[in-house]
Amino acid sequence: MKNIFKGNIALTVNHLFQVLLVTYLVLLLAEELWAGVVSNYLNLNYMLALVIILGILDVFSEPQIKKQKKATKKDYLFIIILAIAGFLIIKLKTSSLGWLSWAISIIAGVLIALLSILVLEDNDNEVE
Amino acid sequence: MNIIVKKPRVPLLIKLIIIAIPLFIFGYLITVNFIIDQEFNYFYDIGGEEDTAKPYLTPVERMSEIYNNSSENYRNVNYDLVYVNPPIQKGSEYADIQMRVIPPINLSFLLGARISQEWNYTWNELNLSHAPSGQWVVVGKKIQLYETYSINDKLSMAIHIPKFSSANGDKFSIDWINITVYKPGVFS
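Chains as they are written, first to last, in my numbering: chain C, 207 to 334; chain B, 2 to 189.
Only chain B is shown next, with the shape it has when bound in the complex (with noise of 0.2 angstroms):
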């Protein structure tokens, strides 16, 4: 007598499935990485909850504490040179920076991006010659990126006001900066 003993196997249909999900996965990160054109966009509520807990904007010491009216928290900047990290994907063009800011009267206001290991940034300077004095305005600029140096993909930012002296009266707050990073795919 004969005794066939039948083999577990896994359906043909179940094993396709099964190896159909890494295929989707490694697909669909080539596809978003790669292929397509990508935005990031990062908002940083200066004065916000997340800018309680840790400043966005460093060091500290050159920042004032978080100022409260009815519409905004913001913070006001002492001392000049002060830095934001956004993180920047490899293969970014540019990003797209927009800052609400009562901006500094007869002062230039320069943004800029780190570009060597050495301390060594390109700068921007932002036009506000249409800007009231005094009051929020949202100014904004856009960067080029490809030339630029992250550390750990972040990339270093600063804010540079030439000849500011909040001792000497120079007053600039700033509500909130918005960074959208724009990643071209391989078809753009």
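With the rest of the complex left out, here is chain C (with noise of 0.2 angstroms):
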């Protein structure tokens, strides 16, 4: 595949992606979660489509070499966090269940964390 951008273009892309992707879903969560803080005044769907078209051409950019880095306590800290995020904003979603609600967001707060950790446990069978 020929790469459309290399160098430092295809890594200021990269970044620009990997910023705006997290900035359009930070975004839509906080629209599921109070309806109208976002969309009253911004239309989300401008900025999926940036999103999409720099996604795009991050794919036909020159692939960053990245090194794998063995696990730390830090990125267990980030899964619990993760983990205890989502299980915090199922519960606020499905809070009208009564104790399916916490059901819910238990399973789903643990499934967050195995599996992050699984990944994560993965990779570092990779390093090794």
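Calculated directly from the structure, the hints in this document are not laboratory data.
Accuracy of the hints is not assured; some may be wrong.
[Claimed, not checked] List time: in silico DSSO-like cross-link candidates among lysine-lysine, alpha-carbon distance up to 27 angstroms:
#	chain 1	residue 1	chain 2	residue 2
1	C	K212	B	K16
2	B	K16	C	K273
3	B	K16	C	K272
4	B	K16	C	K280
5	B	K91	C	K299
6	C	K275	B	K91
7	C	K208	B	K16
8	B	K155	C	K299
9	C	K297	B	K142
10	B	K16	C	K297
Combine both chains into one complex, guided by the hints.
Here it is in structure tokens:
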């Protein structure tokens, strides 16, 4: 596959794509939790189009060589934070379901943690 | 011989610009949502194009079909209690409601805002004492929104004309409804 962008430009496109993708996902989450907080002022579809275009450009850019690192305590702490955040968001969105809401959010939180640890330790095995 | 391989890096200025984009977006959203005063305007043209496709006032069975004359399109209320559901942002203080209507003669006309999960409304009477009978007038009322109950960020507002009966010859026509929702900022 021929690369459209190389070197610094490829890195810039990759960086821009990552930043805008995370921004879009955070805005989407905020809109889901508090309806209207974003959509009253911004049209998220325009941002989605921009993210998709940058994603396509990133695919056709020179890939970055990344060193595999061993998982540290920081990574595990990050996974715990993500699992708690996932649990809280699902609890908030399903609060009307009563006890079922607790069951769904706990299972989702545990799933997030286990899957993340699985991916992390799988990477560790590749490093070894 | 040493071979120096230069690792590509994003220039600092471009990095700063890229990071500034989400900061600007979040800053803007925090400002408009929490800091500055906001006004949202919703105009419901009864009998207009959008109302034809999906009527604003419900239940549809309590409204007439659309009447057209040279200057306006409108609908008549056939039965008491019709509803409109404007979006209301959290933290909104009041809604200023203006309506162009031919009011019913010798009947009081109330605007209600839902205040609980059950069918429960606060009622505000509109003063029609100066309205010429059988003619279009613009009437209005400010409704406090602090105690109201919204479903999916939409407030149920009711138009209530006690003792109204189209069978007895009572007539109530609505041309448009304009709702301005005022949301104060944290410093107001």
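Results for each hint:
no., hint, in the structure
1, K212(C) with K16(B), "17 angstroms, holds"
2, K16(B) with K273(C), "21 angstroms, holds"
3, K16(B) with K272(C), "19 angstroms, holds"
4, K16(B) with K280(C), "25 angstroms, holds"
5, K91(B) with K299(C), "17 angstroms, holds"
6, K275(C) with K91(B), "46 angstroms, violated"
7, K208(C) with K16(B), "26 angstroms, holds"
8, K155(B) with K299(C), "18 angstroms, holds"
9, K297(C) with K142(B), "40 angstroms, violated"
10, K16(B) with K297(C), "36 angstroms, violated"
The structure is inconsistent with the numbered hints 6, 9, 10, although it conforms to all the rest.
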